[in-house]
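Listed in order, the protein sequences are those of chains S and L.
Read in my numbering, the first sequence has 226 at position 226, and its numbers run on one by one without any break.
Start counting at 1 in the second sequence, then tack on 259, and there's your number in my numbering.
Treat the hints as calculated values from the structure; they're not laboratory data.
It cannot be assumed that every hint is accurate.
Unchecked claim - Cut-off 25 Å, straight-line C-alpha distance, at most; resulting in silico cross-link-like pairs (BS3-like, lysine-lysine): (1) Lys90/S <-> Lys56/S; (2) Lys30/S <-> Lys90/S; (3) Lys56/S <-> Lys104/S; (4) Lys630/L <-> Lys123/S; (5) Lys285/L <-> Lys320/L; (6) Lys635/L <-> Lys123/S; (7) Lys266/L <-> Lys320/L; (8) Lys30/S <-> Lys104/S; (9) Lys266/L <-> Lys130/S.
So you can see what is in the structure, the chains are spelled out below.
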Amino acid sequence: MSHIISIHSFRGGTGKSNTTANLACQLALKGQRVAVVDSDIQSPGIHVLFGLDDSKMGNTLNDFLWGRCAIEEVALNIGEHIEDAPGRNKLKGADLWLIPSSMKSGEISRVLRDGYDVNTLNKGLRDLRKSLDLDFLFIDTHPGLNEETLLSLILSDMLLIILRPDQQDFQGTAVTIDVARSLDVPEMRILVNKALDRYDFDQIRQDVTDIYGVQVVGVLPLTEDLVDLGSADIFSLRYPDHQWSRTIATIADNILNSF
Amino acid sequence: MTTMDLKTALHELALFQIVPEEAIDKMVQRAEIKHLDSGTRLFSLGDPSDALYVIKQGHVKIVLDEPDGSERILNQIGPGIGIGQITVISGDPRTAGMVTLEPTDIYLLHREDILAVLQGLPDDLVPQLREIAARLALGYLDILKRIPIFSTLSHEALIEIAGRLEPVPCEEGETLFYEGDEGDALYIIEQGRVKITKLDASGTELVLNEIGAGETVGELALIDRAPRSATVVAIVPSRLLRLDRDDFLDEIRNYPEIALDIMRLFSQRIRFASSYLERIVDASREIAAGNYEQVKQQLAAPQTGMDSRDRADRQLIDNLLTAFVGMIEEVQQREQELKEQVQKLTIQIDQARRREEVESITNSDFFADLKAAAQKLREENED
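Start from the sequences and build out the full structure, keeping to the hints where you can.
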């Protein structure tokens with residue numbers, strides 16, 4: 001039985017792709033069979049964290065949605081494609097796949113213009129889970145509540161919302177949660193990212209839990225170390241003892257134990 | 260230097276302020292010119308005062324001969340300056356000697372000629388001139404002229420006020436007056452140093468300021484009758500000159516222009532203070548807007564267009580500016596500390612806006628279709 005987890009934030013810049021990649025890697029290292037779908041078709045980006053660029057990508061999610069290939073032909077085995085980065089090297093042999101979106105601007109605009117069929121996506125994801133025998137399938141969504149994001153939500157077993165501790169994110173998250181409840185998303189979690197050190201993290205966790213009635217799985221600090229590394233490697237793999245990485249590991253455990 | 264310049268020089272002598280112009284003219288006519296080589300000694304300490312000198316060109320030194328034979332130079336004097344005005348009327352012995360520093364031309368006015376001219380006047384000015392000379396000897400006129408509220412007074416008024424000054428010696432640690440005492444006089448510090456203090460709420464002495472020779476305490480007491488706002492204590496053996504308020508008010512009756520001068524001075528001070536208040540108001544606005552560095556720069560810059568020669572005002576303004584800059588720095592620091600200390604994050608959600616935005620999504624046809632599709636998909640996936 002596999003589980004679909006959509007990772008979403010109301011605004012961009014919350015560290016959504018980075019968090020998704022790190023969580024997926026942590027679960028893969030624990031022996032879980034994991035796939036990451038980059039459904040942020042408007043501005044794909046998670047592939048960079050896995051050391052991939054346009055030239056290394058074959059088929060994309062776009063090709064599948066337009067009937068050009070089967071979903072299995074899109075899935076890229078990360079364990080076989082790792083580059084020489086100290087963190088990512090640990091993924092050698094792991095069961096981790098990426099379903100990238102097209103970087104081609106023409107294909108991006110076509111999706112924006114025509115949209116895609118929810119049934120096609122659902123069928124693709126179902127086939128993928130079956131053929132790869134997945135335990136977890138992460139969907140990295142586009143920020144905001146557009147139609148594609150709502151489609152991802154109805155397919156998800158869990159919605160993980162990432163927000164920064166600021167007023168705009170608090171307001172937008174309230175709307176997201178209401179909409180997700182209306183769509184009967186079975187599980188919801190909140191992850192607070194980029195919290196400044198001067199705040200009391202336990203207090204933030206308590207306040208955010210109280211205000212939304214949703215479990216907060218972690219409060220991650222804003223760390224320059226993460227910024228320094230940028231997209232060059234998977235941070236929690238490269239620096240497993242860092243506070244940020246340890247929190248990511250506990251969140252991965254939380255997800256694992258939720259099902 | 261022409262004879263006209265000699266006339267000007269004599270006019271400007273403190274001693275001759277009350278001497279009519281025609282008498283000055285007569286003195287100028289009787290003046291002699293002497294050409295002196297460098298190093299010529301004209302007179303020594305203790306010599307009888309038989310003449311008044313005005314330098315035409317060149318320089319002289321005023322000297323005291325020490326017992327060991329060395330000489331102490333009191334002053335160096337150039338063209339246009341009169342020498343000997345303190346003792347020339349009385350004929351008392353010279354209080355110092357005079358030696359030329361270079362080849363010098365000097366006007367010489369014999370004492371007999373001066374007295375002869377004065378005796379030819381309808382009023383006998385000699386007693387008054389003796390009084391002026393005595394005050395000059397004490398240096399009171401010079402002291403008064405340097406005090407802001409007296410600086411614009413006429414020579415006659417200054418001489419009158421100088422005549423009212425009463426020397427008050429003070430031992431080290433002696434209290435001149437206490438906070439709350441009746442403010443009945445102005446004090447000028449002739450020599451020494453005093454501190455101005457107040458007691459704070461806990462009874463601890465707070466030193467507001469320290470002032471020295473040529474400065475005054477209690478000048479506002481000359482005008483109002485308010486009690487002393489602070490205590491004044493000599494911190495070294497000092498000599499003060501006391502001007503009683505009643506004496507001062509008498510002088511105002513004799514010389515109404517004193518009142519005008521005082522009014523002029525106070526209005527200057529009000530303008531000066533107002534312009535600073537404007538600056539402070541501007542600065543406060545900038546501080547409120549958080550433009551701290553800008554304000555610090557503005558306050559550090561000297562104010563143009565306003566120039567108070569009043570040292571006390573300057574001091575107060577400087578204190579104010581220093582306090583202001585200090586305040587800015589403290590506010591800045593506290594703000595910084597606050598930024599670092601904030602522990603509690605407040606979460607505020609606009610519930611009306613939240614409802615509105617949720618409804619704009621959930622009320623669409625797309626959303627209704629989606630919900631229906633969701634149910635179907637979940638049933639399919641269960642299989």
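Q) Lys30/S and Lys90/S: Cα distance at most 25 Å? A) holds (12 Å)
Q) Given the proposed pairing of Lys630/L with Lys123/S, does the C-alpha separation stay at or below 25 Å? A) Given pair Lys630/L, Lys123/S holds - Cα atoms ~17 Å apart, limit 25 Å.
Q: Starting from Lys266/L, check that the Cα of Lys320/L is at most 25 Å away, please.
A: Since the Cα atoms of Lys266/L and Lys320/L sit roughly 23 Å apart, the hinted pair holds (cutoff 25 Å).
Q: Measure nothing beyond the straight line between the CA atoms of Lys285/L and Lys320/L; if it is 25 Å or shorter, mark the hint as holding.
A: violated (28 Å)
**Q.** Holds or violated: Lys266/L to Lys130/S, with C-alpha atoms at most 25 Å apart
**A.** violated (121 Å)
Q.
Would the hint linking Lys56/S and Lys104/S be met if the CA-CA limit is 25 Å?
A. holds (13 Å)
Q. Does Lys56/S lie within 25 Å of Lys90/S when you go C-alpha to C-alpha?
A. Judged against 25 Å, a Cα distance of about 20 Å means the pair holds.
**Q.** 25 Å limit on alpha-carbon distance, applied to hinted pair Lys635/L and Lys123/S
**A.** Cα-Cα ~13 Å, so holds.
Q.
Hint check: Lys30/S vs Lys104/S, CA-CA at most 25 Å. Holds or violated?
A. At roughly 34 Å apart (the allowed maximum being 25 Å), Lys104/S and Lys30/S break the hint.
Hint check: violations occur at hints 5, 8 and 9; the rest are consistent with the structure.
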